[in-house]
Amino acid sequence: MDDLLTIAGRTYNSRLLVGTGKYKDFEETRLSIEASGAEIVTVAIRRTNIGQDSSEPNILDFLSPDKFTILPNTAGCYTAEEAIRTCKLARELLEGNNLVKLEVLGDKETLYPNMPETLKAAKDLVQDGFEVMVYCSDDPLLAKELEGLGCVSVMPLASPIGSGLGIQNPHNIEMILSKAEVPIIVDAGVGTASDASIAMELGCAGVLMNTAIAKAQEPALMAQAMKKAIESGRQAYLAGRMEKKSYASPSSPTKGLIK
Amino acid sequence: MLLKVNGDSVEIDDGSNMDQLLDVLEIPKTKVAVELNGVVIPNSELLGKVLKDQDILEIVRAIGGG
Numbered sequence: 001m002d003d004l005l006t007i008a009g010r011t012y013n014s015r016l017l018v019g020t021g022k023y024k025d026f027e028e029t030r031l032s033i034e035a036s037g038a039e040i041v042t043v044a045i046r047r048t049n050i051g052q053d054s055s056e057p058n059i060l061d062f063l064s065p066d067k068f069t070i071l072p073n074t075a076g077c078y079t080a081e082e083a084i085r086t087c088k089l090a091r092e093l094l095e096g097n098n099l100v101k102l103e104v105l106g107d108k109e110t111l112y113p114n115m116p117e118t119l120k121a122a123k124d125l126v127q128d129g130f131e132v133m134v135y136c137s138d139d140p141l142l143a144k145e146l147e148g149l150g151c152v153s154v155m156p157l158a159s160p161i162g163s164g165l166g167i168q169n170p171h172n173i174e175m176i177l178s179k180a181e182v183p184i185i186v187d188a189g190v191g192t193a194s195d196a197s198i199a200m201e202l203g204c205a206g207v208l209m210n211t212a213i214a215k216a217q218e219p220a221l222m223a224q225a226m227k228k229a230i231e232s233g234r235q236a237y238l239a240g241r242m243e244k245k246s247y248a249s250p251s252s253p254t255k256g257l258i259k
Numbered sequence: 001m002l003l004k005v006n007g008d009s010v011e012i013d014d015g016s017n018m019d020q021l022l023d024v025l026e027i028p029k030t031k032v033a034v035e036l037n038g039v040v041i042p043n044s045e046l047l048g049k050v051l052k053d054q055d056i057l058e059i060v061r062a063i064g065g066g
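Residue numbers (the UniProt record's numbering), protein chains in the order written: chain A, 1 to 259; chain B, 1 to 66.
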C-alpha cells in the first residue's frame with residue numbers, strides 16, 4: 001500500500017525526520033541516519049570557524065542533497081530577524097532550496113518557541129517564497145494560524161527539546177490534528193520508540209527527532225527502533241483502533257462451556 | 001582595510017575580493033554562504049565580490065543540528 005508523506009509537493013516514504021546534532025562523530029551520524037530510513041534530515045547553520053582546516057569534512061559531504069532532503073533549521077535564533085537571515089543564508093548554501101525548519105526560541109531553559117516572533121517570521125518567509133515547516137507550541141489556535149499563513153507543515157512540540165519526556169499533552173495534539181489541513185509533525189520531546197508510536201497513532205503525519213536517537217546508548221539501534229515505531233504507529237492509526245471500554249469483554253465465546 | 005568577519009576584526013589588503021579573503025582565512029570555498037552588510041551574496045557572485053573597509057561579513061556553513 002502506498003502511504004506517502006507529502007510536504008510542499010514532494011513525497012516521502014519515511015515519516016521519520018531526523019536531526020544530525022549531538023552525535024559522537026560523522027560516522028555515528030551516518031550509520032544512525034541510514035538505520036532510521038529518514039529522507040528528510042535537518043542541519044543547523046553556523047558561523048564557519050576561521051582558520052579551520054579547509055580539508056576538514058563537511059556534513060554535506062556525506063548527507064548529499066541528491067539523496068536526502070536537507071532541512072536547514074533556525075535553531076538558536078531568538079528573534080524573527082535572526083531566523084529570517086539564517087533562512088536566507090541557508091537557501092544560498094543549499095543552492096536555492098526553499099524548504100526550511102523555522103524555529104524561534106523563547107528562552108534557553110525551556111527552549112519553548114517564541115510564538116509572536118515565530119508568527120512574524122513565518123509570515124515574512126512565506127512571502128519571500130520559502131516553504132516553511134514550523135516548530136511551535138501545541139496551542140491549537142496558533143497552529144491553525146501558522147497554517148493560515150501558508151506554512152507547509154506545522155510541528156508542535158511533544159515536550160521540551162531534548163527532554164525525552166514524550167507526548168505530555170496528547171489532547172492538544174489531537175485538537176491540532178482535528179483542524180489541520182497540512183501535515184502535522186511532532187517535533188521535539190520524543191524519548192523512546194513508544195513515544196513515536198503514540199504520535200503516529202494520534203494521526204500525526206510524522207515525527208522529527210534528534211536527541212532520542214543521538215543520545216541513546218546505541219544510536220543506530222535506536223534509529224532502527226524508531227523507524228519501526230513510526231511504521232507500526234502509522235499502521236495502527238490507519239487500521240483504526242478498537243473502542244475503549246470501561247469493563248472487560250471476553251475474547252472467547254461464553255456459550256458451550258463445560259459444566 | 002579592516003573587516004568584521006563572524007564577529008572578529010580581520011585586516012586584509014585594500015581592494016581584496018571574497019576569493020582572497022577566503023584564502024587568507026583558510027575557509028573552504030564551497031558549501032559556504034556569505035552575508036555582506038546584512039545582504040546574502042548570491043553564490044554566482046561570491047568569489048568575485050570586492051570588499052571595502054568596514055564591511056561586516058557573516059560566513060556560514062551547515063553543521064549537525066536538530
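Among the hints, erroneous ones may be present.
[Said to hold, decoys possible] As a list, the in silico DSS-like pairs of lysine-lysine whose alpha-carbon atoms are at most 25 Å apart: (1) Lys228/A x Lys29/B; (2) Lys29/B x Lys67/A; (3) Lys120/A x Lys179/A.
Because the hints were derived from the structure by calculation, they are not lab data.
Requested in this report: Take the C-alpha atoms of Lys29/B and Lys67/A, compute the straight-line distance between them, and say whether it is at most 25 Å.
Outcome: This hinted pair holds, its Cα atoms lying about 22 Å apart.
Query raised in the report: Do the alpha carbons of Lys228/A and Lys29/B lie within 25 Å of each other, as the hint requires?
Result: violated, 40 Å
Requested in this report: Starting from Lys120/A, check that the Cα of Lys179/A is at most 25 Å away, please.
Outcome: holds, 22 Å
In this structure, the one hint that does not hold is number 1.
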